[in-house]
Amino acid sequence: MKISVAQTRPIKGDIYANIEIHKKLINLAVSHKTDSIFFSELSVTGYESEDKAMIHYPEIAKKFSMPVLMSNCVGFCDNFQSVGKSSVRSKQGNLVGRPKSNIDQ
Numbered sequence: 001m002k003i004s005v006a007q008t009r010p011i012k013g014d015i016y017a018n019i020e021i022h023k024k025l026i027n028l029a030v031s032h033k034t035d036s037i038f039f040s041e042l043s044v045t046g047y048e049s050e051d052k053a054m055i056h057y058p059e060i061a062k063k064f065s066m067p068v069l070m071s072n073c074v075g076f077c078d079n080f081q082s083v084g085k086s087s088v089r090s091k092q093g094n095l096v097g098r099p100k101s102n103i104d105q
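With the UniProt record's numbering, letter number 3 in the sequence shown gets 3, and the count goes up by one each step, no holes.
Heads up, some of the hints might be wrong.
Said to hold, decoys possible - Each computed DSS-like pair below joins lysine-lysine, with the alpha-carbon atoms no more than 27 Å apart:
1) Lys62 - Lys23
2) Lys2 - Lys62
3) Lys62 - Lys91
4) Lys63 - Lys24
5) Lys62 - Lys24
6) Lys33 - Lys62
None of these hints come from the bench; they were simulated from the model.
Using the sequences plus the hints, can you model the full thing?
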């Protein structure tokens with residue numbers, strides 16, 4: 001299995017520009033026959049994650065037939081726990097995993 005790890009410098013608040021950066025990196029990963037690509041936390045928004053930033057990834061996973069993992073600030077942040085926006089999509093675009101948070105209960 002070939003894995004790519006993408007480290008970006010997101011443009012704070014410019015979700016669409018950051019998604020375009022992700023798409024370019026996904027295309028690069030595909031050209032190198034990568035099986036999976038991983039993006040760092042907050043790489044879409046540049047700050048706290050937003051649901052509208054996540055809606056593009058099922059289609060991207062399907063288009064490239066590649067699992068996509070999005071990690072967005074999971075764990076302890078200063079004096080509070082921030083969980084719930086990370087996800088793993090199968091190559092068919094299906095949600096196969098995300099952390100359970102207090103807001104899910």
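For each hint, the structure was consulted:
Only pairs whose Cα atoms come within 27 Å are accepted, and Lys62 paired with Lys23 is accepted, the gap being roughly 13 Å. This hinted pair checks out: Lys2 and Lys62 have alpha carbons roughly 18 Å apart, not beyond 27 Å. Distance check on the hinted pair: Lys62 and Lys91 sit about 5 Å apart at the alpha-carbon level, within 27 Å; holds. The suggested pairing of Lys63 with Lys24 holds, with an alpha-carbon distance near 13 Å, which does not exceed 27 Å.
Between Lys62 and Lys24 the CA atoms are separated by roughly 16 Å; this keeps the pair inside 27 Å, and the hint holds. Distance check on the hinted pair: Lys33 and Lys62 sit about 16 Å apart at the alpha-carbon level, within 27 Å; holds.
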